[in-house]
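*Asks:* Here is what each chain is made of, one letter per residue.
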Amino acid sequence: ETGVTQTPRHLVMGMTNKKSLKCEQHLGHNAMYWYKQSAKKPLELMFVYSLEERVENNSVPSRFSPECPNSSHLFLHLHTLQPEDSALYLCASSQDLTWNEKLFFGSGTQLSVL
Amino acid sequence: QQQVKQSPQSLIVQKGGISIINCAYENTAFDYFPWYQQFPGKGPALLIAIRPDVSEKKEGRFTISFNKSAKQFSLHIMDSQPGDSATYFCAASPITGNQFYFGTGTSLTVIP
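So the sequence lines, in the order shown, correspond to chains A and B.
Heads up: take any position in the first sequence, counting from 1, add 1, and you land on our numbering.
Heads up: take any position in the second sequence, counting from 1, add 3, and you land on our numbering.
Since the hints were made in silico from the structure, they are not lab data.
Errors might be hidden in some of the hints.
[Unchecked claim] Far from chain B by the CB rule (all over 10 Å, computed), these chain A residues:
1. L12
2. N18
3. A32
4. K42
5. R55
6. E57
7. P67
8. H80
9. S87
10. S95
11. T99
12. L104
13. S108
[Unchecked claim] Result set (DSS-like, lysine-lysine): computed pairs, CA atoms no more than 25 Å apart in a straight line:
14. K45/B - K74/B
15. K20/A - K61/B
16. K103/A - K19/A
17. K71/B - K103/A
18. K74/B - K42/A
19. K103/A - K18/B
20. K41/A - K74/B
21. K74/B - K18/B
22. K71/B - K45/B
23. K41/A - K45/B
24. K41/A - K8/B
25. K42/A - K45/B
26. K45/B - K23/A
27. K74/B - K61/B
28. K71/B - K18/B
For each residue, glycine too, the CB sits at the ideal point set by N, CA and C.
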């Protein structure tokens, strides 16, 4: 157990649905991340939060909306997604955003958009 | 542009053999090179990492070889075991911040 919990593990949604992914870390870390993992592609960093403030948004479409209410919880709100958004969405945390901190990943949410 | 190039995409090795995965980068600002291991249904987990002030780092059966002049680094798994079957990702990050650039992954299968 890595200390980072993601729910749900699997999600199937239509293009008109609204859903949310949840991530919780029990490690006392100050930084949290959303990554997208697609087959045969590098992990793509989507969002970074440090002490609940967004510090990076890597040109992610507005149909993905992150929320970080506190340093232990991170959400990814989804609406009007496209089939190409189907992927494994990984949450990660690290102690801080200082140099070369180890990332702790959750098991991910496997998203299928129909 | 892909910052870190990883090969091969997939690898099949006999039990007891040596598994070798290669990565290359261009950005000379990269200063930290971790390898992550991912089992099916799980998130990636840090396996081993190296900084460019050394050419090799060994932890048990896992060794990173680093060639700064060639901007290449590789993971060697000695005495490969079926339990090593997983996807391996190399990554690189610059000296400032915690931005990681990942390779595309290598699916390793170790057959008994």
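*Asks:* Against this structure, judge whether each hint is valid.
*Replies:* Comparing the hints with the structure gives:
1. For L12/A, the condition that its CB be more than 10 Å from all CB atoms of chain B holds, with the nearest at approximately 15 Å.
2. Distance to chain B confirms N18/A as a non-interface residue, since its nearest Cβ pair spans about 24 Å, more than 10 Å.
3. A Cβ of chain B approaches the Cβ of A32/A within 10 Å, the least distance being about 7 Å, so the stated non-interface status is violated.
4. Once the 10 Å rule is applied to beta carbons, K42/A is inconsistent with being away from chain B; the minimum gap is 6 Å.
5. Against chain B, the non-interface label of R55/A holds: every CB pair exceeds 10 Å, the least being about 14 Å.
6. With a closest Cβ-Cβ approach of about 8 Å to chain B, E57/A is found to fall inside the 10 Å limit, against its non-interface label.
7. The non-interface label for P67/A is consistent with chain B: the shortest C-beta to C-beta separation is roughly 17 Å, beyond 10 Å.
8. In this structure H80/A is separated from chain B by more than 10 Å, as the shortest Cβ-Cβ distance comes to about 25 Å.
9. Distance check for S87/A against chain B: the nearest CB is about 17 Å away, which clears 10 Å, and the non-interface claim stands.
10. The beta carbon of S95/A sits about 6 Å from the closest Cβ of chain B, which is not more than 10 Å, so the claim that it is off the interface is violated.
11. The claim that T99/A is not at the interface with chain B is violated, since a C-beta of that chain comes within 10 Å of its own (minimum 7 Å).
12. Interface exclusion of L104/A from chain B breaks down, the closest Cβ pair being 7 Å apart, not more than 10 Å.
13. Interface exclusion of S108/A from chain B breaks down, the closest Cβ pair being 5 Å apart, not more than 10 Å.
14. The straight-line distance between the Cα atoms of K45/B and K74/B is roughly 30 Å, outside the 25 Å bound, and the hint therefore fails.
15. For the proposed pair K20/A and K61/B, the alpha carbon gap of about 44 Å is over 25 Å, so the pair is violated.
16. Distance hint between K103/A and K19/A is unfulfilled; the C-alpha atoms sit about 32 Å from each other, more than 25 Å.
17. For the hint pairing K71/B with K103/A, the CA-to-CA distance comes to about 22 Å; that is within 25 Å, so the pair holds.
18. At roughly 21 Å between alpha-carbon atoms, K74/B and K42/A fall within 25 Å of each other, so this suggested pair holds.
19. A hinted pair counts as satisfied when its Cα atoms are at most 25 Å apart, and K103/A with K18/B does not qualify at roughly 30 Å.
20. Proximity of K41/A to K74/B is assessed by CA-CA distance (about 22 Å); at most 25 Å being required, the pair is judged to hold.
21. Only pairs whose Cα atoms come within 25 Å are accepted, and K74/B paired with K18/B is rejected, the gap being roughly 30 Å.
22. In summary, the hint linking K71/B to K45/B is not supported, as the alpha carbons are separated by about 32 Å, beyond the 25 Å threshold.
23. For the given pair, K41/A sits about 17 Å from K45/B by alpha-carbon distance, which is consistent with the 25 Å threshold.
24. At roughly 12 Å between alpha-carbon atoms, K41/A and K8/B fall within 25 Å of each other, so this suggested pair holds.
25. Restraint check for K42/A and K45/B: the C-alpha separation of about 17 Å stays at or below 25 Å, so the hint holds.
26. The straight-line distance between the Cα atoms of K45/B and K23/A is roughly 16 Å, inside the 25 Å bound, and the hint therefore holds.
27. Between K74/B and K61/B the CA atoms are separated by roughly 19 Å; this keeps the pair inside 25 Å, and the hint holds.
28. Of the pairs offered as hints, the one joining K71/B and K18/B is violated, with about 31 Å between alpha carbons and a cut-off of 25 Å exceeded.
Hints 3, 4, 6, 10, 11, 12, 13, 14, 15, 16, 19, 21, 22 and 28 from the list above are not met by this structure, while the remaining hints are.
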